[in-house]
Amino acid sequence: MLWRLWFIAPMVVALATVVLFPTVFLFWMSTQHWLVTDPDQFYVGAENFTRLLSAKDFWQSLRVTVAYLVLGTAIMLVIGLGLALSFANTKSGTLLRVMIVMPLIIPPVVAGFTWRFLLNGEIGFIGAFLLPAVGFEANLLADPKGALFSVVIADVWSRTPFMFLILLAALQGIPRDLYEAARVDGAGPVAQFIRITLPMLRGPLIVALLFRIIDAINTFELIYVMTKGGPGRATQVLSIFGWRTAFQELDFGQAASLGVVMLAITLVGALIMFRRFLRPAGQDA
Amino acid sequence: MTAAPRISLALAAIIATASGPALAQTEVNILAFAPGFAWADMFGPSGTEKTDKLRAFEEAEGITVNMEFADEETARQKVLLDLVNETGTYDLVMLGSDGAVQTFSYAGYLEPLDDYLGTAKNYFDADQVYPQFLEANTVDGKLWALPYYSFGAGVIYRKDLFDKYGIDEFPGTVAELEEVLRTIKAGLEADGMDNVHTLTMRGAPGEEPSLDLSGFVYADAGFPAWFEGGPTTPEEIKAKKAKPIFNSEFRGGFERFVEWSKEFGPPGIATHTWVDMMNLYGQGQAVVLMPSAINGFAALGGTQDENVRDHTAFAPSPVGASGKPVQSFWTFSVGVSAQSANKEAAYKTLAFLTGEQAMQGFAESIGWPYSTFPSITRGEVLTAKWPAELLDQVEASYEQANPHYFPYIPELSAFMERIGTAASEAISGEKSVEQALNDLQSWAEERMERAGYYE
Chain A
5 MLWRLWFIAP
15 MVVALATVVL
25 FPTVFLFWMS
35 TQHWLVTDPD
45 QFYVGAENFT
55 RLLSAKDFWQ
65 SLRVTVAYLV
75 LGTAIMLVIG
85 LGLALSFANT
95 KSGTLLRVMI
105 VMPLIIPPVV
115 AGFTWRFLLN
125 GEIGFIGAFL
135 LPAVGFEANL
145 LADPKGALFS
155 VVIADVWSRT
165 PFMFLILLAA
175 LQGIPRDLYE
185 AARVDGAGPV
195 AQFIRITLPM
205 LRGPLIVALL
215 FRIIDAINTF
225 ELIYVMTKGG
235 PGRATQVLSI
245 FGWRTAFQEL
255 DFGQAASLGV
265 VMLAITLVGA
275 LIMFRRFLRP
285 AGQDA
Chain B
7 MTAAPRISLA
17 LAAIIATASG
27 PALAQTEVNI
37 LAFAPGFAWA
47 DMFGPSGTEK
57 TDKLRAFEEA
67 EGITVNMEFA
77 DEETARQKVL
87 LDLVNETGTY
97 DLVMLGSDGA
107 VQTFSYAGYL
117 EPLDDYLGTA
127 KNYFDADQVY
137 PQFLEANTVD
147 GKLWALPYYS
157 FGAGVIYRKD
167 LFDKYGIDEF
177 PGTVAELEEV
187 LRTIKAGLEA
197 DGMDNVHTLT
207 MRGAPGEEPS
217 LDLSGFVYAD
227 AGFPAWFEGG
237 PTTPEEIKAK
247 KAKPIFNSEF
257 RGGFERFVEW
267 SKEFGPPGIA
277 THTWVDMMNL
287 YGQGQAVVLM
297 PSAINGFAAL
307 GGTQDENVRD
317 HTAFAPSPVG
327 ASGKPVQSFW
337 TFSVGVSAQS
347 ANKEAAYKTL
357 AFLTGEQAMQ
367 GFAESIGWPY
377 STFPSITRGE
387 VLTAKWPAEL
397 LDQVEASYEQ
407 ANPHYFPYIP
417 ELSAFMERIG
427 TAASEAISGE
437 KSVEQALNDL
447 QSWAEERMER
457 AGYYE
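The listed protein sequences correspond, in order, to chains A and B.
Each residue of the first sequence is one higher than the one before, counting from 5 in the numbering used here.
Each residue of the second sequence is one higher than the one before, counting from 7 in the numbering used here.
If you are wondering where the hints come from, they were derived from the structure by calculation, not from laboratory data.
Among the hints, a few may not be true.
Ranges of calculated distance between the beta carbons of each label pair, as one might list FRET restraints [to be verified]: (1) A:E184 with B:G435: 27 to 33 Å; (2) B:D166 with A:L30: 54 to 60 Å; (3) A:L30 with B:R456: 37 to 43 Å; (4) A:Y47 with B:K56: 27 to 33 Å; (5) A:P111 with B:D120: 55 to 61 Å; (6) A:L108 with B:P393: 54 to 60 Å; (7) A:A268 with B:E185: 40 to 46 Å; (8) A:I269 with B:S381: 34 to 40 Å; (9) A:V74 with B:E55: 46 to 52 Å; (10) B:G198 with A:S90: 53 to 59 Å; (11) B:T70 with A:A20: 34 to 40 Å; (12) B:D58 with A:P111: 16 to 22 Å; (13) A:S90 with B:E92: 23 to 29 Å; (14) B:Q441 with A:V74: 51 to 57 Å.
Virtual Cβ for every residue (Gly too), placed ideally from N, Cα, C.
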C-alpha cells in the first residue's frame with residue numbers, strides 16, 4: 005500500500021527542510037575554505053577539522069564544556085532528586101512546587117541577565133553586598149574560576165526544575181506495594197532507596213541526563229549574556245567558541261567544522277546512553 | 007449625491023490613478039543600532055517613528071526610508087549575514103571603523119563612495135567634515151562609509167578628587183599619569199573610599215578593549231606595532247613579509263594597559279564594556295576614565311551624582327614613551343551595500359543621515375561635544391553647553407589622531423577579537439601577559455600564513 009506513504013510526505017518534506025538541509029549544508033560548509041575576509045571560497049577536505057583539533061582554544065573550550073556539564077549536572081541531580089523525594093509522598097505544598105518550577109519558564113536570556121546583575125561585584129545584590137557581608141570579597145564574574153562557578157549556579161537555578169519534574173513524576177509512578185513489601189521484610193529507608201527507588205528511577209534518570217547533556221553542550225544564551233565566555237576564555241564553552249569563530253573571526257568553514265564535531269559528540273554521548281541504559285530488555289547484545 | 011460631486015469624485019479618482027507611478031517612491035532599507043540615540047531627530051525616541059524632518063526629505067527626494075534598529079551585536083551579525091549572502095536586503099548598513107569597514111570593503115561587499123560624493127553635496131559636503139573621520143573610513147585609497155557618531159581620544163576625570171590629593175593639573179605623559187594614579191589610589195585607600203576606583207577602562211573579552219588597547223600600544227611604540235616595521239596595509243605587509251610582533255614591540259603598550267587595569271581598575275574590569283565604564287563613572291565610583299572619553303561624556307548625561315556633574319574635567323590623552331598620545335578613535339559609520347538595487351538613492355539617504363543637518367540634530371538631542379562637522383562643534387548648541395577650552399581640546403584630539411593607529415587589513419575584525427580577549431585573559435589572571443601574548447602571536451602567525459601574506 006504505497007499510497008499510504010503520501011500521508012507522511014508533508015512531514016518528511018518539513019523535516020528535510022528544517023533538519024536535513026541545514027545539517028547537510030553544515031557538513032558541506034565544514035569542507036570549505038570560507039573566510040569572509042577572503043573572496044575565494046574552495047574545497048579543503050578535512051583541513052578545517054585538522055586545524056580545529058590542533059587549536060588550543062578548541063581543547064580549552066572542550067574542557068570548560070565538560071567542567072560546566074559535569075559540575076552542573078551533579079549539583080542539579082542532587083538538588084533535583086532531593087526535592088523530588090521531598091515532594092513525592094505529599095500532595096500539599098502546591099505553592100512551593102510552583103516556585104520550584106518557576107525558573108524553568110524564565111527564558112535563559114532573562115535568567116542570565118538577572119544573575120549577571122545579582123553577581124555584579126560593583127552594584128549587584130549578591131556580588132557587591134551579600135558576599136562581602138559574609139567576608140567574601142572576590143568579584144565572581146571577573147575571576148576565571150568564579151565566573152565558571154557563577155554560570156554553573158545560574159544554570160542549576162534555571163534547569164534543576166526540569167530534573168525535578170521528571171524525577172517527581174517517576175517517583176510518584178513507583179508502586180507503593182514495593183515499599184510495603186520491603187518494610188515487611190525489614191528494609192529501612194536507606195535500603196528502600198537503594199534497592200527500590202534508584203533501580204525504578206533508572207530509565208527516567210537516564211532520559212533526564214540525556215536531555216541535560218544535550219542542553220549543556222548547546223548552552224549559549226545564558227553564558228553569552230552573563231560573561232560572553234569571559235573573563236578571557238574562562239567560560240568559553242564550545243557553542244561560544246563557535247559563535248566567536250563565525251561572527252567575530254569570520255571563519256565560517258572553521259565554525260562549521262566545530263558544529264560537526266559538536267553534533268558528533270552529542271550523538272555519540274546519546275547513543276552510548278541509549279544503548280547502555282535504555283535498550284529494551286531482550287535487545288541486549 | 008448630485009451629479010456634480012459624483013463627476014468631481016470620478017475625476018479625482020482618474021487623476022489619482024494617472025498620477026500613481028509618479029508617486030511611487032524608491033525604498034531604502036537601513037539596519038543600525040541604538041534607537042533613540044542614533045537619529046532620534048529622524049526616527050523619534052523609540053526609533054519607530056518618522057519625524058517631519060525625515061518626511062520632508064522623503065517627499066523632496068521621492069525616497070521612502072525604512073529603518074530597522076537592533077541591539078548592537080544583533081545588528082552586526084545581521085549586517086554580516088546580509089552582506090555575505092549578498093541578499094541586498096539592506097541598502098545601507100551600519101559599520102564601524104574598527105573592523106567592519108576594513109573587512110567588508112576588502113571583501114567587495116561595500117560600494118565605494120568617492121564617485122557619489124558630488125551627487126548630494128547639499129546634504130553631505132565632504133570638504134566640511136573633519137578629515138580624520140573620513141580617513142578612518144578610507145581603505146586602500148577609497149572611501150567606503152560616512153561617519154555619524156564619532157569620537158577621538160581623551161580623558162575624563164574628577165577635578166575635585168585631583169584637588170583633594172594635591173594634583174593641580176592633569177599629567178601630560180603616561181609615566182606621569184601612572185604616578186598620579188598611584189597617589190590617588192593611596193589617597194582613596196587612606197580615606198577609606200573603597201567603592202571609588204582610581205581608573206576605569208574596558209577589559210571585556212572580545213573586540214571592545216582593542217580600540218583603547220591599540221591606542222596604548224601606539225603611544226608606547228610610536229607606530230602601529232602589530233607587524234615588523236609597522237605596516238598598515240596588506241600590500242605593505244606582503245611586500246616586507248612583515249611578521250606579527252605581538253610578543254615583542256606590541257608588548258609594552260599591552261602590558262601597561264593590563265597592569266593599569268589590574269592595579270588601578272575596579273575588580274570586575276576584566277568583564278567591563280563601555281557601559282560599565284559609563285556607569286561606574288556616572289555613579290561617582292571612578293576618578294579617571296580613559297582613553298575613550300566619550301563614555302565619560304555619556305555618563306554625565308544620566309548621572310545623579312552632583313560631584314560628578316559639577317567637578318568633571320576633560321584632558322587631552324597623555325603621550326606615551328614614543329611622544330605620541332594614547333589613541334582611541336572610532337566612527338560609527340554607515341556604508342552602501344554593493345548589492346543594493348538603489349545605490350544612488352541609498353547614497354542620497356546616507357548623505358542626508360550623516361550630513362550637517364543630521365549632526366545638528368544629534369548635537370541638539372544628545373549634546374556630546376563630539377561632531378563630525380567643525381561647524382557643529384563651533385555652533386550655537388555645543389558652544390552654549392561646553393566651555394570653549396574643552397571644545398578646543400576635543401578638536402585638538404582629532405588633529406593629533408592617527409585613525410590608522412592599527413593596521414587596515416581584511417583580518418582586522420578577527421585580530422580585534424583576539425587582542426581584546428587576550429587582554430581580558432591577562433587582566434583576569436587566567437594567563438600571564440607573556441602567555442597571552444605568546445598565544446596571540448602563534449594565532450596571528452598562523453592566520454597570516456593562511457591568508458597568504460608570506461607566499
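For this session: Using the Cβ atoms, figure out if B:G198 sits within 53 to 59 Å of A:S90.
Result: Once the Cβ atoms are compared, 46 Å apart, the range 53 to 59 Å for A:S90 and B:G198 is violated.
Exercise. Taking the CB of B:D58 and the CB of A:P111, does the distance hold inside 16 to 22 Å?
Worked result: violated, 39 Å
Exercise. If you check the beta carbons of B:T70 and A:A20, does the distance land in 34 to 40 Å?
Worked result: Holds: the Cβ-Cβ distance is about 38 Å, inside 34 to 40 Å.
Problem set entry | 27 to 33 Å as the expected CB spacing between B:G435 and A:E184, which holds or is violated | The hint (27 to 33 Å, Cβ to Cβ) is violated, given that A:E184 and B:G435 are roughly 58 Å apart.
Exercise. Honestly, do A:I269 and B:S381 meet the 34 to 40 Å range at C-beta?
Worked result: violated, 59 Å
For this session: Evaluate the given range 51 to 57 Å for the C-beta pair formed by B:Q441 and A:V74.
Result: Check failed, 26 Å falls outside 51 to 57 Å.
Exercise. Does the Cβ distance between A:L30 and B:R456 fall inside 37 to 43 Å?
Worked result: violated, 21 Å
Exercise. Cβ-Cβ distance between A:L108 and B:P393: within 54 to 60 Å?
Worked result: holds, 55 Å
Exercise. Does the hinted range 55 to 61 Å hold for A:P111 and B:D120 at CB?
Worked result: violated, 46 Å
Problem set entry | B:E55 and A:V74 - C-beta distance against the hinted 46 to 52 Å | holds, 51 Å
Exercise. Is 27 to 33 Å a correct range for the gap between the Cβ atoms of A:Y47 and B:K56?
Worked result: Violated: the Cβ-Cβ distance is about 48 Å, outside 27 to 33 Å.
Exercise. Between B:D166 and A:L30, does the beta-carbon spacing fit 54 to 60 Å?
Worked result: holds, 58 Å
Consistency note: the structure conflicts with the earlier hints numbered 1, 3, 4, 5, 7, 8, 10, 12, 13 and 14.
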